[in-house]
Amino acid sequence: MRSRVIICEASEMIAIGLAEIIDGMAQFDVVSRLDNPEHLSEKIVASDANLLIINPALLGFHNKDFLSQLGKEHPQVIMIALVTSCLDHSMLTPYSGVIEINDTRSKIISKMNEFAQSETTKNTDDVELSKREADVLVAVAKGMMNKEIADQMNISIHTVISHRKNITRKTGIKSVSGLTVYALLNNLINEDELI
Amino acid sequence: MPQKKTPFSKNTKFAELLTDDRRLLQLLPRFGIGLGFGDRNVAQVCQMSRVNTNLFLMICEIYSNGNFRPGKEELRHIDLGDLLSYLKASHRYYLDERFPHIEEHLHNIIEACGQKYGPMLSHFYDEYKQEVMRHIQYYEEEVVFPYIEALLEGQRSGSYKIDEFEHNHTNIQDTLDDMMNILLKYLPGDILPKERIEISYDIMELSDDLNRHSLIEERILIPYVESLENVQP
Chain A
1 MRSRVIICEA SEMIAIGLAE IIDGMAQFDV VSRLDNPEHL SEKIVASDAN
51 LLIINPALLG FHNKDFLSQL GKEHPQVIMI ALVTSCLDHS MLTPYSGVIE
101 INDTRSKIIS KMNEFAQSET TKNTDDVELS KREADVLVAV AKGMMNKEIA
151 DQMNISIHTV ISHRKNITRK TGIKSVSGLT VYALLNNLIN EDELI
Chain B
196 MPQKKTPFSK NTKFAELLTD DRRLLQLLPR FGIGLGFGDR NVAQVCQMSR
246 VNTNLFLMIC EIYSNGNFRP GKEELRHIDL GDLLSYLKAS HRYYLDERFP
296 HIEEHLHNII EACGQKYGPM LSHFYDEYKQ EVMRHIQYYE EEVVFPYIEA
346 LLEGQRSGSY KIDEFEHNHT NIQDTLDDMM NILLKYLPGD ILPKERIEIS
396 YDIMELSDDL NRHSLIEERI LIPYVESLEN VQP
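Residue numbers (our numbering), protein chains in the order written: chain A, 1 to 195; chain B, 196 to 428.
Pulled out of the complex, with its shape left as it was, chain B reads as follows (with noise of 0.2 Å):
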């Protein structure tokens, strides 16, 4: 992947953000920022989509550096409540557009496999399903968010704590690179290539995307979330 030379700052222009990084094109709608900005730079279209600005670059930063790691001070600059907007906006779009989407070809691909292979493809693609609404909406939405939420307005529960939190993007991602290796290595070569190499492309990106996503929780989510949990009595 080639790195970029200089980051990004508030006086980028907005556009040269998105020429500059084409994946960072997909953050506009988690963050509610509608097109049609024109020639203003980073910090004014923020600001018209009541964005915390550093939270939008540093979002930008880790999706097109992956190395990036923001320290302690710059995570003071941003508002936690903006991010916990951010991550569920971007489980909507992975639960509500993405995966349906793959699912949608994955049927087609299943239908043409027939009975010798189309169960077992089903029933793995199911099995993975439930491994990721269990981990996004179960655990992160209904258990993880709500404690922060509260840890926000000032209450404490004692039953959970963030470095409990379960890392378990790696297995959902893995679990999508299989598919990707199962639709493009091991199924027999005649059935709906075509239909398996678009689909591929989305798994890819997919898969690019939850990764940028588990690093966001685990360097800005979880680093600040410790940092309040260390601040109140």
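With the rest of the complex left out, here is chain A (with noise of 0.2 Å):
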């Protein structure tokens, strides 16, 4: 399957330089490209990434806060950090990988690789559904809308969407009624809460 890459850098230069590099490897597409981290979380839900790179100084002091943040609510997507700057290692933790501004074309091609890797083997590790995805299924097999379940709670449509996708994606089950059976078989809920 091709990686879905989200570009995160301030300067368009660095961007469309990496993006290039990236798009001639078959095995990822660049989908979007964003100068700064703002509507960062949307994106990734509308073009279904599943690989960051983020220059950390675009983060400044909430660096950790803010991955943290993004890992729970997109645990699918790798975090790489793309290292312009000098830079306080710590800042670096958070992230799985990382690139440097003086990386040459081939070494990039071939961390990228390895980045691949590991997200195959993040894929697969996690299977089980987390008290917050078992509990939007929960509300999904009632026949809520996103919309009430986001109000009802209390966090954004899209960090449900979010859910809902990685739900697909652990069950391997797409549609709402099929969903609804999975609750059922799997005593998160009973036949006499469906309406």
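Simulated from the structure, these hints should not be mistaken for lab results.
Be aware that a few hints might be false.
If you want the footprint, here are the derived chain A segments under chain B, 3+ residues with CB under 8 Å [said to hold, decoys possible]: (1) 163-175; (2) 185-192.
In silico DSSO-like cross-links for lysine-lysine, where the CA-CA straight-line distance does not exceed 30 Å [claimed, not checked]: (3) A:LYS111 <-> A:LYS64; (4) A:LYS174 <-> B:LYS380; (5) B:LYS324 <-> A:LYS174; (6) A:LYS147 <-> B:LYS324; (7) B:LYS311 <-> A:LYS131; (8) B:LYS389 <-> A:LYS170; (9) A:LYS131 <-> B:LYS267; (10) A:LYS142 <-> B:LYS324.
Only part of the chain A face toward chain B is listed, based on derived beta-carbon distances under 10 Å [what the hints assert, rightly or not]: (11) GLY178; (12) LEU179; (13) THR180; (14) VAL181; (15) TYR182.
Note that this is a predicted model, so its numbers are computed, not measured.
Positions of the beta carbon are idealized from the N, C-alpha and C atoms, including for glycine.
Since each chain comes alone in its own frame, lean on the hints to assemble the complex.
Quick look at the structure:
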């Protein structure tokens, strides 16, 4: 399967150059380039991305909080730091890998291949639904719309959508009626709770 | 899926077509092509069965090469009436043969599930079947096809345009895949395992077939009808 990549980098020159190298590789598609992280989470959902390359300098001091929140919302996404300046190495701990400004093309290609490897392990690793995902699943089975679920659980709609994507990725089931059967079979819900 | 080396041609031996891709076998009844074609080539067999050879080859091509997309020029050499007959025959095959067959097996499984899981499985299937019927029978056959037939006779209806076409086969296919996941992964293992394996084969094949069916609609039917809509005043 091809990996869908988002590049988040303020310098257009660097972002385009990196996108060019990555797009040249058969197993990657650069689906989006952003110059700031403001709408990153929505963008990940909308473009179904699974690899994020981001310059930590864009996140400033909120680096860790932002990334751990992002990681919770989108557990399928691998995060790679794009380092273009001198940086405190502790800033890089949340990332699964690092691309540096003076990496050669072949170095970037070999790193990307490694990241893609870790992605497949990441996907097969977690198959259990998290507590949050199970809650969303139950709400979906009860026939609630995304907006209603978001209001009830106090989360944003795009978080609901990303939970739903993860549920489908883990269970292999896409339709609402199929998810209802899944919830019943796994005793997450009783028949009489359904309308 | 292994990719074919060369596209099929009018001169390909008909039997060779079928050994090349066994899925093409199921196209024969839909085109009304009988068995016993001997060593004739594609053009000869099509002519004998009064089937438009270009259309037949185009559909074979979509079946065995999912990336195939006919160009505008190629589309001009097929007959839209023949395409509609083909699509209707496919619908009959799904509704009168494949679904009842799957249903029969499913009923045994539902019975074996007992009160605990039986009713919900049966509800899941009923809901699904309604969705299939709604799309194929009440939408395509009662709205879309009559519109196209009228267009062929030069009548324009103001109310419908082909770009409104509901691409509902994806849903139909998704739910079918869900059904397979439920049967294989989530129902307790001791309930009729042999029958579940058998029916899963049938479901995979049907899902694959439905996928090709929607490709035919998207890549042949819709562009063709769009060009008709644009030509007429």
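Given LEU179 of chain A as an interface hint, is the shortest Cβ-Cβ distance to chain B below 10 Å? Where the cut-off is 10 Å and the nearest Cβ of chain B is about 8 Å from LEU179 of chain A, the hint holds.
Hey, LYS131 of chain A versus LYS267 of chain B, does the alpha-carbon distance stay inside 30 Å? Judged against 30 Å, a Cα distance of about 52 Å means the pair is violated.
Hint validation: TYR182 of chain A versus chain B, beta carbon distance must be below 10 Å. Holds or violated? holds (6 Å)
Below or equal to 30 Å on CA atoms is what counts here, so check LYS174 of chain A against LYS380 of chain B. Distance of about 14 Å is within 30 Å: holds.
When the least beta-carbon distance from VAL181 of chain A to chain B is tested against 10 Å, hint result: holds (5 Å)
Coverage of the region 185-192 of chain A by chain B, judged on three or more residues with CB within 8 Å: holds (count 3)
Quick one, are LYS147 of chain A and LYS324 of chain B close enough, alpha carbons at most 30 Å? Answer holds: LYS147 of chain A to LYS324 of chain B is near 28 Å, not above 30 Å.
Would you check whether THR180 of chain A satisfies its interface hint, that is, whether its CB is within less than 10 Å of any CB in chain B? holds (7 Å)
Can the restraint linking LYS111 of chain A and LYS64 of chain A be considered satisfied, given a maximum Cα separation of 30 Å? holds (23 Å)
Does LYS131 of chain A sit within 30 Å of LYS311 of chain B, going by the straight-line distance between their CA atoms? holds (25 Å)
Is the straight-line distance between the alpha-carbon of LYS142 of chain A and that of LYS324 of chain B 30 Å or less? holds (21 Å)
Holds or violated: the hint that GLY178 of chain A contacts chain B, with Cβ atoms closer than 10 Å. holds (3 Å)
Against the hints set out earlier in the document, a violation occurs for number 9 only.
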